[in-house]
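2 protein chains.
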Amino acid sequence: MALIVKKFGGSSVATTEKILNVARRILSEKNPDDKIVVVVSAMGDATDNLITLAEGIDNQPYRAQYSREMDMLLTTGEQISIALLAMAFQKLGHHAISLTGAMAGMRTNSVHTKGRILGIEPARVIEELNRGNIVVVAGFQGADKFGNPVTLGRGGSDTSAVALAGALKADECEIFTDVDGVYSADPRVVKNARKMREITYREMLELARLGAGVMQPRSVEMGQYFNIPIHVRSTFNDKIGTIIREDYTLEDKDFEIRGVAHDQKVAKIAVLGVENVPGVAHKIFAALAYANIDVDMIVQSIRNLERNITDMVFTIALNDLPEAKKVINRVAEEINAATVLIEEDVAKVSIVGAGMLGKPGIAARMFGALASADVNIDIISTSEISVSCLIKASQLTEAVNAIHDEFFAD
Amino acid sequence: MALIVKKFGGSSVATTEKILNVARRILSEKNPDDKIVVVVSAMGDATDNLITLAEGIDNQPYRAQYSREMDMLLTTGEQISIALLAMAFQKLGHHAISLTGAMAGMRTNSVHTKGRILGIEPARVIEELNRGNIVVVAGFQGADKFGNPVTLGRGGSDTSAVALAGALKADECEIFTDVDGVYSADPRVVKNARKMREITYREMLELARLGAGVMQPRSVEMGQYFNIPIHVRSTFNDKIGTIIREDYTLEDKDFEIRGVAHDQKVAKIAVLGVENVPGVAHKIFAALAYANIDVDMIVQSIRNLERNITDMVFTIALNDLPEAKKVINRVAEEINAATVLIEEDVAKVSIVGAGMLGKPGIAARMFGALASADVNIDIISTSEISVSCLIKASQLTEAVNAIHDEFFAD
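Just so you know, the sequences run in chain order A and B. Everything in the first sequence is counted per my numbering, starting at 29 for the first residue and increasing by one. Everything in the second sequence is counted per my numbering, starting at 29 for the first residue and increasing by one.
Careful, some of the hints might be misleading.
What the hints assert, rightly or not - Capping the alpha-carbon separation at 30 Å, the derived lysine-lysine pairs in DSSO-like fashion look like this:
no., chain 1, residue 1, chain 2, residue 2
1, B, Lys173, A, Lys173
2, B, Lys142, A, Lys119
3, B, Lys119, B, Lys142
4, B, Lys119, A, Lys142
5, A, Lys293, A, Lys223
6, A, Lys173, B, Lys267
No lab work stands behind these hints: they were computed from the structure. Computed from a prediction, not measured in an experiment: that's the story for all the values here.
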């Protein structure tokens, strides 16, 4: 007997035919004694259609004054899909019951439209499992202490599923998605990218941070917190995918790195000719932090030792650039910088792997691979389990392939 | 200061523009100190669209096995309209909050898709009113003691509104509808039908039972139970409608009858040539009751005193006829009846009024009016506050007008 939480996203339940297919698949994979909880998102475009309705009342429905009512509105999306999926199980001859996030005990804070899970009280879920039901739970939602419906922020349904698996002490949480696992690099960029059988929470978090889009970081953190294995697998076939867990159980743990990530949505800002006195770096980065802009790679280089003049170079997310320009131009004037340069045609390529700990040669092999491919490195930054290089965006494909070939040859 | 519960049906909130209109109207009629609760149904076709979705899972979604999930599905219809209406109030600058039936404290039994209200615990509604909110409540729904969503049976939203008004000890419950009040006869049949300013619960219930479709009986019963005046008025204009209450407060209480009702959806069944021995009537009507068929008017007449042969004639609702035919043919054979006659081209015309109590001349005037119009009476039945006649369906319009002229001349 196993207790398994399975999560299906909106595209998997976009039509009633697809909902019936999800139910058939779950029943075909279920052992007689298994207890199954299914977490689902709203059907395909349902959420967008609800937002369009709200725009009929006010064309800016996401203004803060409406956030509670938007949650009242949007939580109906998942409520529809859970009811239909429970009916699909019944149609196929299996007992099933649907529960909203509130009914499943997902307790959130009261920050409407971007709530966070505070705790889970899954008594009703357990009761219904013990009655022989497949329990279908609405993802992306919970209720605050007053009973108001609250939707979770980005990646909400994955987070719901993993958190519920944790609270239920499930054997596994399966995330069904449109890719069939976590790859050593983006298969759209690297033809012979290989699917990893296992990856650790830490590595997955680092990959996500560095641009790999398979899982939202919050749900991986949640898995790590509860120590629940997360099985990322395909909606379209029944192959084993990738299991995200605390530590490896299989022999392929000898890979020195787990993946090559890349991110094109970055911009580089260089503040040149700054007097190198205490407090200059603080002025720049405090102003950015105040504007809620995350800074990623940072390099400070000495341009003129005698005159004590330095350059500050750093990267940010591309969509923060308009706001960042305003902030930096203001600060540059204040600190009397010579000039500000902005570059948008840059990209970041990274390697990630717990295996690189204590193996200094790994970073060198990455730089060597880039050199062989004639790719110039602009900035380098490292964490305990990753190395990142900023390069020209036009060289991204060669760069990712060269690094992948270096570490995943054979 | 007044506490008023207002109910708007699905056609009044069919689009976001109409929802904004409802909000504008309520605000324009609101005195600054008034406390307002608005009960709404699902938008226009929303419920039908949800049923169509369910039919994608099983073409018989109303089978009993699905009833809980149908409620989970259908309750989203009102949840969408309450969220949008609360947003509309906010857009227009007034504080408002939406509450599902469950959140508003509508406690029901667990008979899914035709639940009954067991009690109301409106603490949250009162709290939100005291905070200065207009409270928008989902009609047609509540939750059972396990927290499962339950939809109410027919007329559910009216019943929700009146019951909530009762629990809140509201000053009045306004039911907005597509007619502007209760008329002395159906205005589509009687040109000079007059709108009644007041009518009692008893009379309204009797009119509803006898075919007047303005209000569902359950909601009138609920009003009577809580002694809450129900104001039936038009969605399309701001005229005063009809107030349903325990007793009259206005001088027009001197009308001897309150209305002429009619019902074309009836059928007559005659079981002819039955031996008049004890138990024959029981056999016929027990069989119909067992098949859940309500019998309305009943006449037993002696055809042949010497041979002790009798005829049993009665009416039923037209949509019960197919089932009734089967039952009656079986019983007729059993009791050895000579023949069974079915007539579908019949109609029932009735007068209703508490004023007829103790005034024996009223019924006679009705019969006289029918005679003057050359309308033959087939069956007569009476209750304390009504008299009904079965006539030919083709003479219905003349019959209703003749009776109406008799009692509402001037």
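For each hint, the structure was consulted:
In summary, the hint linking B/Lys173 to A/Lys173 is supported, as the alpha carbons are separated by about 19 Å, within the 30 Å threshold. For the hint linking B/Lys142 to A/Lys119, the alpha-carbon distance of about 21 Å falls within 30 Å, and the restraint holds. Only pairs whose Cα atoms come within 30 Å are accepted, and B/Lys119 paired with B/Lys142 is rejected, the gap being roughly 35 Å. Between B/Lys119 and A/Lys142 the alpha-carbon distance is near 21 Å, which keeps this suggested pair within the 30 Å criterion.
Only pairs whose Cα atoms come within 30 Å are accepted, and A/Lys293 paired with A/Lys223 is accepted, the gap being roughly 24 Å. Restraint check for A/Lys173 and B/Lys267: not satisfied, since their Cα atoms lie roughly 43 Å apart, outside the 30 Å limit.
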